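Colleague: Construct the entire structure; sequences and hints are all you get.
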Amino acid sequence: PGPAGGFPGPRRGPGGGPGTRPRPVGVGLGGSGGASGDPRRGRVDRDGPQLAADEPACTTYVVVPFSAPPPVVDPSDPAAPQDSAARPASTPRSLGVLALYDRLGSDEFDDSDLVMLRTFAAQAAVAVDNVRIHREAQRLSRTDPLTGLWNYRQLQETLHREIERANRFRRRLTVLALDLDRFKEVHATCGPLAGGAVPKEFAPRIRGEIREIDGAFRNGGEEFVVLLPETDVSGGAVVAERLGAVVRGEPIEVDVAGKPVRIPVTVSIGVAVYPDHGESGQQVLDAADEALYAAKASGRDTYRVAGSSSRSADRDTVPAAVASQEGDVPPAGGASFGPHPPRQTRGR
Numbered sequence: 015p016g017p018a019g020g021f022p023g024p025r026r027g028p029g030g031g032p033g034t035r036p037r038p039v040g041v042g043l044g045g046s047g048g049a050s051g052d053p054r055r056g057r058v059d060r061d062g063p064q065l066a067a068d069e070p071a072c073t074t075y076v077v078v079p080f081s082a083p084p085p086v087v088d089p090s091d092p093a094a095p096q097d098s099a100a101r102p103a104s105t106p107r108s109l110g111v112l113a114l115y116d117r118l119g120s121d122e123f124d125d126s127d128l129v130m131l132r133t134f135a136a137q138a139a140v141a142v143d144n145v146r147i148h149r150e151a152q153r154l155s156r157t158d159p160l161t162g163l164w165n166y167r168q169l170q171e172t173l174h175r176e177i178e179r180a181n182r183f184r185r186r187l188t189v190l191a192l193d194l195d196r197f198k199e200v201h202a203t204c205g206p207l208a209g210g211a212v213p214k215e216f217a218p219r220i221r222g223e224i225r226e227i228d229g230a231f232r233n234g235g236e237e238f239v240v241l242l243p244e245t246d247v248s249g250g251a252v253v254a255e256r257l258g259a260v261v262r263g264e265p266i267e268v269d270v271a272g273k274p275v276r277i278p279v280t281v282s283i284g285v286a287v288y289p290d291h292g293e294s295g296q297q298v299l300d301a302a303d304e305a306l307y308a309a310k311a312s313g314r315d316t317y318r319v320a321g322s323s324s325r326s327a328d329r330d331t332v333p334a335a336v337a338s339q340e341g342d343v344p345p346a347g348g349a350s351f352g353p354h355p356p357r358q359t360r361g362r
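The letter at position 320 of the sequence shown is residue 334 when you use the numbering used here, and the numbering goes up by one with no holes.
In short, the hints are calculated from the structure, not lab data.
Incorrect hints may have been included.
Claimed, not checked - Estimated spans, in silico, between C-beta atoms of each pair: (1) Pro274 x Gln170: 36 to 42 Å; (2) His148 x Gly222: 27 to 33 Å; (3) Cys72 x Asn144: 27 to 33 Å; (4) His148 x Gly234: 22 to 28 Å; (5) Gly56 x Asn144: 29 to 35 Å.
Please read all numbers here as calculations on a predicted model, not as lab measurements.
Where a beta carbon is used, it is the ideal one built from N, C-alpha and C, also for glycine.
Modeller: Below you can see the structure in the form of structure tokens.
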């Protein structure tokens with residue numbers, strides 16, 4: 015199946031033979047067949063539709079859409095849907111189409127051709143649906159179910175790959191370790207539902223402040239990691255400052271005992287860079303973690319760079335543009351809630 019509602023359509027391969035390709039719904043013979051969901055045969059000049067520019071020129075055709083097989087349900091299960099054809103909302107109506115163009119030795123396709131192609135389509139539906147299910151299972155195994163961010167497993171794989179890439183091309187990789195401040199207090203005071211709503215709402219705020227090539231991961235609980243390829247310490251500090259601002263700027267609304275409650279949320283961030291702060295991915299991640307501890311000890315709602323001394327400044331006096339200058343690291347910004355002793359564990 016193709017992206018964004020596309021359906022496979024014909025494509026000429028290197029040898030000149032037909033192949034498969036994504037086809038927008040309603041475009042050409044394949045797309046119109048997928049949109050209607052009905053098998054049909056006919057003549058282009060008599061029955062339409064208009065062929066797409068990259069479809070083979072033809073006079074006659076037969077097209078059969080195929081859909082995902084219905085799920086197997088236990089009729090004795092009271093929770094099972096009554097309609098055996100009921101499918102999850104995410105399942106596409108049609109997975110694709112099979113299309114034949116111009117039958118050799120005959121003026122037009124007949125009903126026997128339609129029956130034969132429907133048999134092939136049923137087999138194709140099972141095969142394509144199995145691929146779709148496998149890909150979805152792979153995606154779910156690498157994402158956090160609450161936030162939709164990549165999980166710890168994907169973090170380890172991506173970090174290893176990005177370290178190799180940075181080493182090969184002599185580029186830098188910045189790692190941000192993030193921790194929601196006083197998250198356990200929110201969880202204890204407002205309950206587990208509110209505790210789940212906070213990281214869920216936090217995730218899109220991270221996505222909104224990073225590039226497509228960057229990666230955001232949930233490392234467990236209130237802990238998150240952001241990977242910034244081809245980014246030096248100045249760039250990492252800018253992103254850390256921006257993330258802190260977008261989190262503190264808008265309280266997160268949660269449901270407590272049936273009533274909406276707005277909870278102010280802040281985040282502490284540690285910044286480390288490969289290869290400046292470590293020779294391996296784990297070393298850089300550990301360095302970012304230690305910088306995060308320093309941010310927590312400095313009063314939370316701030317960031318610290320690995321290996322740098324503790325500095326504080328009023329963020330209103332440090333415009334973000336300062337950080338764009340080469341080699342300049344902006345002082346850590348963020349409101350302080352007064353002195354706090356260093357924490358032995360994160361997220362307190």
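Colleague: Hint compliance check: list the failing hint numbers for this structure, sorted ascending.
Modeller: Violated hints: none at all, because every hint is consistent with the structure.
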